[in-house]
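Undergrad: The primary structure of each chain is shown beneath.
Number of protein chains: 2
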Amino acid sequence: MTPSRDDELIFLPLGGAGEIGMNLSCYGYGPPDARKWMVVDCGIFFGRETDTPGVDIIMPDIRFLLENRADLLGIVLTHAHEDHLGAVAYLWPHLKCPVYATPFTARILANKLEERGLAEQLRPRIVPLGSSVSLGPFGVKLVTITHSIPEPNVVIIRTPLGNVVHTGDWKLDPDPLIGEITNDAELCKLGDEGVLVLVCDSTNAHVSGETGSEADVRKSLHDLVGTLKGRVAVTAFASNLARLESIARAGRAHGREIVLVGRSMRQMVQAARDTGYLKGFPSTIEEEESVRLPPHRSLYLVAGSQGEARGALSRIAAGEHPMIAFGPGDAVIFSSRIIPGNELPIFALHNKLAALGVEILTEQDHFVHVSGHPAKEDLTQMYAWVRPRIAIPVHGEMRHMSEHARFAKTLGVAETLIAPNGNMVRLAPGPASIVDEAPSGRLHLDGQILVSEGDGFARARRSLGFAGFVGVTLIMDGKGRMAADPVLHMEGIPDQAREAIADAVSRVSNGKRRGGEELKEEVRRAARRAAQDAWGKKPIVRVETVEV
Amino acid sequence: MTPSRDDELIFLPLGGAGEIGMNLSCYGYGPPDARKWMVVDCGIFFGRETDTPGVDIIMPDIRFLLENRADLLGIVLTHAHEDHLGAVAYLWPHLKCPVYATPFTARILANKLEERGLAEQLRPRIVPLGSSVSLGPFGVKLVTITHSIPEPNVVIIRTPLGNVVHTGDWKLDPDPLIGEITNDAELCKLGDEGVLVLVCDSTNAHVSGETGSEADVRKSLHDLVGTLKGRVAVTAFASNLARLESIARAGRAHGREIVLVGRSMRQMVQAARDTGYLKGFPSTIEEEESVRLPPHRSLYLVAGSQGEARGALSRIAAGEHPMIAFGPGDAVIFSSRIIPGNELPIFALHNKLAALGVEILTEQDHFVHVSGHPAKEDLTQMYAWVRPRIAIPVHGEMRHMSEHARFAKTLGVAETLIAPNGNMVRLAPGPASIVDEAPSGRLHLDGQILVSEGDGFARARRSLGFAGFVGVTLIMDGKGRMAADPVLHMEGIPDQAREAIADAVSRVSNGKRRGGEELKEEVRRAARRAAQDAWGKKPIVRVETVEV
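Chain order of the listed sequences is W and E. Per the numbering used here, residue 1 is the first one in the first sequence, and the count goes up by one each step. Per the numbering used here, residue 1 is the first one in the second sequence, and the count goes up by one each step.
Keep in mind the hints are simulated off the structure, nothing from the lab. Take every hint as true, because none was put in to throw you off.
Copies of the same chain are indistinguishable here, so a pair counts whether it falls within one copy or spans any two.
No farther apart than 25 Å at their CA atoms in a straight line, the calculated lysine to any residue pairs in the SDA-like style are these: (1) K229 / R249; (2) K409 / Q364; (3) K538 / E453; (4) K219 / E180; (5) K352 / M424; (6) K520 / R498; (7) K538 / E308; (8) K538 / L445; (9) K538 / G117; (10) K376 / E363; (11) K36 / P98; (12) K376 / I338; (13) K376 / Q364; (14) K112 / P93; (15) K279 / S371; (16) K189 / K376; (17) K279 / E180; (18) K112 / G536; (19) K409 / T362; (20) K537 / P345; (21) K229 / T410; (22) K141 / P128; (23) K352 / P439; (24) K279 / D223; (25) K376 / L344; (26) K537 / D56; (27) K219 / A375; (28) K229 / I285; (29) K520 / E547; (30) K352 / F46.
Keep in mind it's a predicted model, so treat the numbers as computed, not measured.
The shape of chain W in the complex, shown without the other chains (with noise of 0.2 Å):
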């Protein structure tokens, strides 16, 4: 297929690009009237309380795939973490385009279309491990690589203006315990037939070395799990089956048995069987049996992690969990990292863990963990081979993607590009450019409503969690004049403050004719002035009025 005139190939991140998470992005093919568009992932952020109190969970802004919706020929995954697929099941709705996912990736997200009601409408279309897919005039290929979790794959996209590779999350791990290595001998081949573009993950490009492999943690925690006498649990991310079969076996290797604490352990494993892999994870027991056995007879594989107040781990920590209970001698060991923000909840996790007498091991002091994402020899090795002339990080927060493009260079890559979401950025013809922007930003879900940022209601809450909230009531009779006092709703403001404000408002509105904006108006700023004066903070204040 030979390129016509018009056409152009287009990328457009409208998520992971310039943040952690949430990764989507779009390749367009085509003249501009009639272009054609494929999408790449489809994931969730999950919102911290600090920034949008309120909201668990943000996805991509697609209102430019709602403009486009006709021409979107489907959504390909590369693998299964939630910041790569999560946001499916809450976009699909909107989008209902064909959604291709290798085996692995495809279960976990029909249990999550299931639990929101949307296992009949959509049936991910599973593409064979190394099998490619046709999407108009986008060649997709779906290579496998490693990673943290099962079925890692980088997409190539091949068109008749060049070839991109599209890596997904990886690294290069020799020895990944659950699946194949990564087939480097078809990115080489790509590589020698040339590539455009590739648009790589940013995560850990300012980290020195190679990452390393999933084996030598299995060794480390084989060695640490036989120093422990008393109970022992562990954390780990539940996609991480590679891990967690480390651990179950180191386990069963020191005569513990295993049992699996909170239900997305229990459901990666069970998607982990289903479609394959776990061949030599071992049996497990249930809660009830284990606490019958003797401390140093049992391991538990625990959810949580990164001190989620809900996690099994958390339940653990604060003497909760209905079945298990851990004391001086205990131990539990993190075989995770801190997520970046998530800092306190773990440490107020380990503070809990540590009141109870329990010794707590992390990766600052064991070799527990290993990152899923390269380091500069992973990405030295990649660009080896695929050879690009274009480099396009993604994947991480400005700070990540601005190394990896300060790298890419001194690899000798022709052109970098750093394209933050909504960046229209036409890879071919000519050199690499951003041509246009559209329209970008992040959908909050908001209890269960999903709602534009730009609708201010996380930042009208976090400008309540500052100074509160003061409601005001002014009820006049027909004539204009106060019917009776005014009403205060007041909510988070200390006592002397409430007294000012209320006789702030008292004062002003006292006596008053005729009501309108202009009053309001008045009442408001009285309000707030007081607030400034008693408290040194001025709370959000509504007035309205009511003619009775």
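Place chain E on chain W using the hints.
TA: For chain E alone, coordinates are given in the frame of chain W:
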């Protein structure tokens, strides 16, 4: 002096034991009915938006000291860090006791008193380095140690029932660059005399090895600055004056003029000069002068290493500084650690700098920082000098204190005791044991008002942050009939939920007679139920009735 029959020696932490910051330790001596008290340190803790929205400064609840004010002999400050002296300016007006400090610490305190308009009422009593003060039954001596600020002191307290060594914050720095080295002879001598209890810093109890010296960082910073070609900014804790001097000297050595940016930097350097330190600090130039120099001729010493939104560095990163503009080819060195909980604002700062094309150098990738707290080797040395019968870990979260206690046992200490805030420990006579609980907790500086954490204003605001606010005014006539439609105030609530709430309130109140608590509760419940159904969250709902 020999102890009377009923005399007891008491230790009571009101802050700093089981959490970071706001250090305040009480020592009591005498029979229960005539006990005298002294306090070591009186610090603040910086509130986090997540936990206590709208509260920047938190300090210990001093109800216990207010109840015993007549017997409070004084406050002794170990050093000038905010978490050891920051609360004096807020709490002293309630305590009105003498405050003792060495010259630099007294000078920093005086600055704070000046800002709060207390300079006339409280004049700190200056204790020369290495001197003694007699406080009733307590023979107090300040012994020089090393930390990350000028004039850190160990407080030795001699009592008829035994000697106490209270370390404050410390590490062992063989070459602290500013001030004296640790007076180990004095500590050893007291060890020979006999030490009942060592109350000791736990912050780095989980870190193996020695903490290391400021002198090593000086050399490394010198070399690093020499490799940089463009503008250089270095951010560090302003109170680490040895570090500031190292940075300034590194700049001068490479032909750069030094510019102090930010009020805290200038204030600290001035305070140090006024008390005889920083003799070797290079002369500085003003921001205005610096901008006329070529990039490689200036070095900016900038406050705001923790990503403080109003810090000078944040303004530079946002491109909002009136004088200083950084860009490609320039570099920022973070000669500091990340205080846990500050990761996100600091990374946001990095991202902004990266977006400007600025190179970022941190302790992750270069040797630009050393801690001020004792690692295991430092602790081992201290225990060897002091040889206490009892070890009481303080200054740290439970996870730190717990590790410290475990480690002290391995050093052969006979008794270790963890006493979180509010636990009253009898140190003598008899074995150390918790004998009582004193009122304890936290005070919030909420705006300009000191409120008790228990009053729940910050907690209420945190709830507002989660699910917003609904205020309902029901207006009734004299016969208990609705005289107008209900008036609603809603904030932080998505539109769909607002409509559902308004409908529910109308439905429930419509045509109702009789107001009273029952109707209010019915309306409240209906509003929350409607929100839950439409939105999945239950806002705070307040209902008021008014009669016209």
